[in-house]
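Visitor: The listed protein sequences derive, respectively, from chains A and B.
Using my numbering, the first residue of the first sequence is number 1, and each one after it goes up by one.
Using my numbering, the first residue of the second sequence is number 1, and each one after it goes up by one.
Not one of these hints is a red herring.
Going by beta-carbon spacing under 8 Å, a handful of chain B positions derived as facing chain A:
hint	residue
1	61
2	90
3	93
Just so you know, the hints here were simulated from the structure itself, not pulled from any lab data.
Even for Gly, the Cβ is constructed at its ideal location relative to N, Cα and C.
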Amino acid sequence: MRPTPAFVRALGGAVFIGIWAIVTRRVDLVLIGVPLALCAGLALARGPRVASPSLSTSSTRIHEGQGVELAVRSGTRSVTSIAWPATPGASFVPQGAALADVTAPDRGVTITAEMNRWGHYRLGPAVYLVTDILGAYRSTGLLGGVDVSVVPLVEASAAQARLRHPIGVTGQHTSTARGDGSALADVRPFQAGDRLRRINWRVSNRTRALHTNATFTDRDTDVWLVLDTLAELRGVDVGLDEGTSSLDLTVRAATSLARHYLTAGDRVGVHDLGSTVGALRLASGPRQFTALSELFAQASASDRLRTSVRRIRHVRSGSLVFCCSPLLNDKVIDEVGRLVGLGAQVVVVDTMPPELGSLAELPRRRQRDELGFWRQAWAIRRAERDAVLDTVAQLGVPVVAWRGPESLGVLLTSMSLADRAPRARRRA
Amino acid sequence: MNRLVDLVDAASITQMVLRALGLVCGGTALALAAGTGAWGWQWPFTLVGAGFLVWATARPDAEAGLGLCCCVVLNATAGHPTLTTAAVIGIALLAAHLLWSACAMTPAHGSPGPRLLGLMALVGAGLTAASVLVDLVIVALPRVGAGAGLMVLAVAVISLTVVAIVLLADRTQMPWQGRREG
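Chain B on its own, in the form it takes in the complex:
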């Protein structure tokens, strides 16, 4: 409780907004996972996950979010989410993860600059698009009769392509690449 009171006193408005959005995204993932099965099996994981969620909101620069991921997956295991729901849960977890990362990058009483917010949005959008692409491949390949080996190979190729594109795009902005003056 003291930690939360300190947080309200010290954190800037932007920090509070980022943390609130993280809380919403993490809560969405937890709620979606909890709503797919019998409540009798899921309530312990939901309660523990909610605890981790509050902890992660108060201390974004901590590994508390890992506990939330575990609770969400255990909840989903107890239930039977559709593939679309599962993909949405994964993206919600990613959003919460990125928001907590942005909070951890910023001093508690400071705020992230507009360039940082823009870049974080870009990274989030890129990762979401790549995730959707990979999800589609994972869902589509078994339906066209591909075996497990081919599926793993396709996912690996797509993942490596995404990583390579991001790395190449980033490398062009490295200082030693030599930006031509004039």
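Chain A with its partners taken away, still in its complex shape:
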């Protein structure tokens, strides 16, 4: 707690003018000094009445696009100004994250931090300055930071795709094995032991012999979400906090897929090839979805480029594997091939940002580009990658670009089509 320059100014000015007025015996000088003298006298009479502020937050766990209210209150009625440091991925209201206002125990200065991206955020520490109403005494310091976890948005879809080899005992996926289920497999003559409710009376009347409906069994399966977090890619002219990066697309696709398959009763696990997000063992139920949301909410993306790939050790044959990747790293492509070789049903979710390497983004002829030849370089890289995608598709691995919630339906349809599509023969 210390006097401010404003207090020194008022008191010093009043004293100087007062002494000078007495020395010169001038009433007009007294009138000049009266307002400042009153101001200084009032500040002296009130004395230092500034209490340390306290910080409260509306929530520490939110969803993408939501905001956290950071309210600063003080024990006594005073003026509190607060300034939060800039945090990548967070935007503040008001802009600049700085505000000064009158605070009291029941009234504070509130700044809203809006998080536009999943992950873990550390807001602060903030700089505060508390002064009395006249600005005569003040106290400054730092307010402890706030940890905020941002859960990625869930994009749900009701679409369903048939799996090639469900590996569970019960569930909602139609398997190739005959048994109790809902999907019609065949109409065959009645045999001893068949249930009466399975008798197909129309066919029986027409053929004059009892026939029953044979169905495929419904089973669950293991779903692995393999995340390529080796690098984070953005558009060439997109800032660090702007647009959607490959990592954003990866996390959103993984969240949507996890929600979809966990709702269907499957076991879902996460494997991170780049060790940015972390891994999650196979499990099912709403608890697993909470664990997965927590995993993404606690992750903090960094610009560090990772080169080593953590391979999946154990994948059961027949598992469904979604590999969310921009497919720019040869090691990731090798891993996709290895998973196919292990008997997994692999689907590649393309998470390369659409604007990166797009031909529409290329500058026109004779138009000077401030970014040099980065756009052209990425266009060539995308063309090379497209050739790789064709090769992957020929192996029977569907590749679907993730463009939001509608992509889930496209993806599931592609899985069904890929089952029936011709594919390149693998040579030893």
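Following the hints, put chain B in place on chain A, whose structure we already have.
Guide: For chain B alone, kept in the frame of chain A given last:
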């Protein structure tokens, strides 16, 4: 110069407006004091005062305003302002002082909230009214034949009354006074 360039880059619009108003109020006080006497005596103080004014505008959270007060008083001493002019100079100095205080309370790239601006306006209006009252007493008492002692006593009583009213009004809003719920 660099300081001014930084100021333009960093300061918010509200800050700029507050500083501009402070510049206008301080400039008014300086100009009024300078216009009351022989320019030959006053131009050094006016120039130095203008320097302090620019300094105070760029750095409101500094004691530069004190230099401006001294220059204004020395200018007024060299000249012969009327009592009304002197009272206006004092109120202009007070306004500049409060505006610089508001700037110092606010982060450079931030802005003061509406409650703070309202309170600062209220404080300014209250202090101006009290100043006018005290000025009237100071001017009126000698004319009714009061001596110096009685004049000092009257000013002291009025000042203490103003301070007491403000303190009592403020104390009713202290949390330990116990606001009754429901």
